[in-house]
Amino acid sequence: MQSLEKLLFQRSLGLASTDEVRERVAWRDLGEVEQGHARGRLTCVDVDRSERFLLAGGADIRVYDLRDGIQKPRRKKPTDRVCAAQWWLDGGLFATASYDGHVRLWDAERFEAACAWRLGACVDAALTRCLAGACVVAAACDRTVRLCDPRLGTSLERVSYDSKAIKLTWCSYRPDLLAVAWQDCTVRLYDIRRGCLATLDMHASDTSPHSPARAHDAPVVGLRFASRTLVTAARDGRVRAWADALPVPVHFPRFHRLGQTLGLSSNDPSSAEFSRVFLPVANAVAVVRLSTGKHVLTPSLDAAVRTCAFRPNAHDLIVTDDTGAIQRCALVPPSRAAPRPPTPADEDDRDDGGESGDDITDLRRAVARARRADRERRLAEEEDEEDAPATRRRRTRY
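Under full-length UniProt numbering, the letters of the sequence shown match residues 1 to 398, in that order.
The hints are simulated quantities; they were obtained by calculation from the structure and are not laboratory data. Worth double-checking, as some hints may not be accurate.
As the list claims (entries may be wrong) - Across the chosen pairs, the derived CB separations fall in these ranges:
id, residue 1, residue 2, range
1, 143, 77, 26 to 32 angstroms
2, 50, 372, 50 to 56 angstroms
3, 143, 111, 56 to 62 angstroms
4, 330, 291, 22 to 28 angstroms
5, 74, 236, 16 to 22 angstroms
6, 253, 173, 37 to 43 angstroms
7, 74, 323, 34 to 40 angstroms
8, 374, 293, 40 to 46 angstroms
9, 244, 109, 27 to 33 angstroms
10, 228, 195, 33 to 39 angstroms
11, 313, 110, 55 to 61 angstroms
12, 110, 291, 41 to 47 angstroms
13, 373, 173, 28 to 34 angstroms
14, 217, 293, 55 to 61 angstroms
Glycine residues also receive a C-beta, built at the ideal position from the N, C-alpha and C atoms.
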């Protein structure tokens with residue numbers, strides 16, 4: 001990760017844009033940091049659609065009202081070690097998966113389990129999705145992926161493989177498409193009605209359903225759809241984006257100490273052009289822009305970051321670390337920077353390719369002056385080179 005000083009130097013040479021510098025400064029500015037603490041490490045966090053309630057799972061289950069703060073949970077429930085938790089679509093229910101092999105659907109108001117499924121093996125992930133008007137829970141259970149139906153109270157095995165399922169996510173634009181990451185470093189796309197559709201290959205050599213191709217050289221720790229793009233992150237620090245229109249994946253820069261990552265959060269607008277992926281990296285969170293692959297880091301925390309969740313409307317980041325601390329960081333987006341009226345210097349800078357309304361006015365003016373001086377110097381040298389042969393010819397003629 002390049003420092004702000006290096007980015008400013010690249011901007012002075014014309015190698016970085018003003019927007020990149022503005023965004024780098026904005027993401028470093030924490031307008032608010034609020035801290036709370038849970039009992040033990042948290043393995044998962046999720047924010048409901050209204051962005052008001054925070055669901056946190058670990059040694060127990062806690063629900064925080066973000067309007068009241070995160071110092072004290074609104075409700076908490078002792079339970080077995082939770083490995084995955086997610087809000088239902090309307091926020092009245094949430095689903096959890098435990099390492100003891102149970103998947104539960106909870107009533108958020110009474111804070112009691114409305115449905116429970118005992119799958120008989122360790123469950124590593126669980127996600128809810130509406131299919132044909134019915135909501136189901138998909139659970140990664142050992143070598144299978146099972147769909148749990150709350151209406152019938154039963155579970156069906158829909159996907160099986162020779163390796164252990166560790167991560168799964170529903171497709172954001174196809175309700176019947178499921179992406180599953182397996183322990184053997186493969187990521188496969190499944191139509192739950194027909195079976196395996198494709199296997200992701202980082203070398204794009206073969207995408208047949210039974211291909212031995214791998215998406216990463218290490219097990220996947222993060223899996224998320226952002227519009228029509230699937231983002232995967234692995235323990236080797238590699239992050240890749242898989243799009244329908246591209247035959248090969250997009251390889252992002254390698255992040256060190258990504259092995260402790262247990263969560264990957266992304267805001268999911270209608271277009272992936274403006275999507276950002278949030279990755280816990282060591283003691284900070286990397287914010288990766290999908291359209292360019294460029295990233296910035298939030299300021300370092302006191303301990304290694306485990307999970308994170310982003311609230312697009314409130315524009316803040318919920319972060320948990322190894323100590324069990326929960327922090328809410330109010331990030332200042334570049335679009336909220338107060339514009340200032342243009343000055344004559346801004347008009348000159350705009351002629352030289354700059355932009356008005358920038359926070360680093362002195363730097364832009366210096367760059368504009370340097371460019372003008374360099375252009376004048378080159379023009380003077382070209383005129384001297386053109387005049388020199390003519391002078392020699394006149395001297396020879398006499």
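Taking the hints in turn, this is what the structure says about them:
1. Restraint check, residue 143 to residue 77: a C-beta distance of roughly 30 angstroms satisfies the suggested window 26 to 32 angstroms.
2. At roughly 52 angstroms, the beta-carbon separation of residue 50 and residue 372 lies within the given 50 to 56 angstroms, and the hint holds.
3. As the Cβ distance of residue 143 to residue 111 is approximately 33 angstroms, the hint placing it in 56 to 62 angstroms is violated.
4. Between residue 330 and residue 291 the Cβ separation comes to about 25 angstroms, which falls inside the hinted range of 22 to 28 angstroms.
5. Evaluation of the 16 to 22 angstroms hint for residue 74 and residue 236 yields a failure: the beta carbon distance comes to about 39 angstroms.
6. For residue 253 and residue 173, the hinted distance range of 37 to 43 angstroms is not satisfied, since their beta carbons lie about 27 angstroms from each other.
7. Remark: the range hint 34 to 40 angstroms for residue 74 to residue 323 is contradicted by a beta-carbon distance near 22 angstroms.
8. The hinted range of 40 to 46 angstroms is not satisfied by residue 374 and residue 293, whose Cβ atoms lie roughly 30 angstroms apart.
9. About 40 angstroms separates the C-beta atoms of residue 244 and residue 109, a value inconsistent with the hinted range of 27 to 33 angstroms.
10. Range check, residue 228 to residue 195: about 22 angstroms between beta-carbon atoms, so the 33 to 39 angstroms window is missed.
11. The hinted range of 55 to 61 angstroms is not satisfied by residue 313 and residue 110, whose Cβ atoms lie roughly 28 angstroms apart.
12. Checked against the given bound of 41 to 47 angstroms, the beta carbons of residue 110 and residue 291, roughly 44 angstroms apart, stay inside it.
13. Against the hinted window of 28 to 34 angstroms, the Cβ-Cβ separation of residue 373 and residue 173 comes to about 52 angstroms, which falls outside the hint.
14. The beta-carbon spacing between residue 217 and residue 293, approximately 19 angstroms, falls outside the hinted interval of 55 to 61 angstroms.
Going through the hint list in order, the structure does not satisfy hints 3, 5, 6, 7, 8, 9, 10, 11, 13 and 14.
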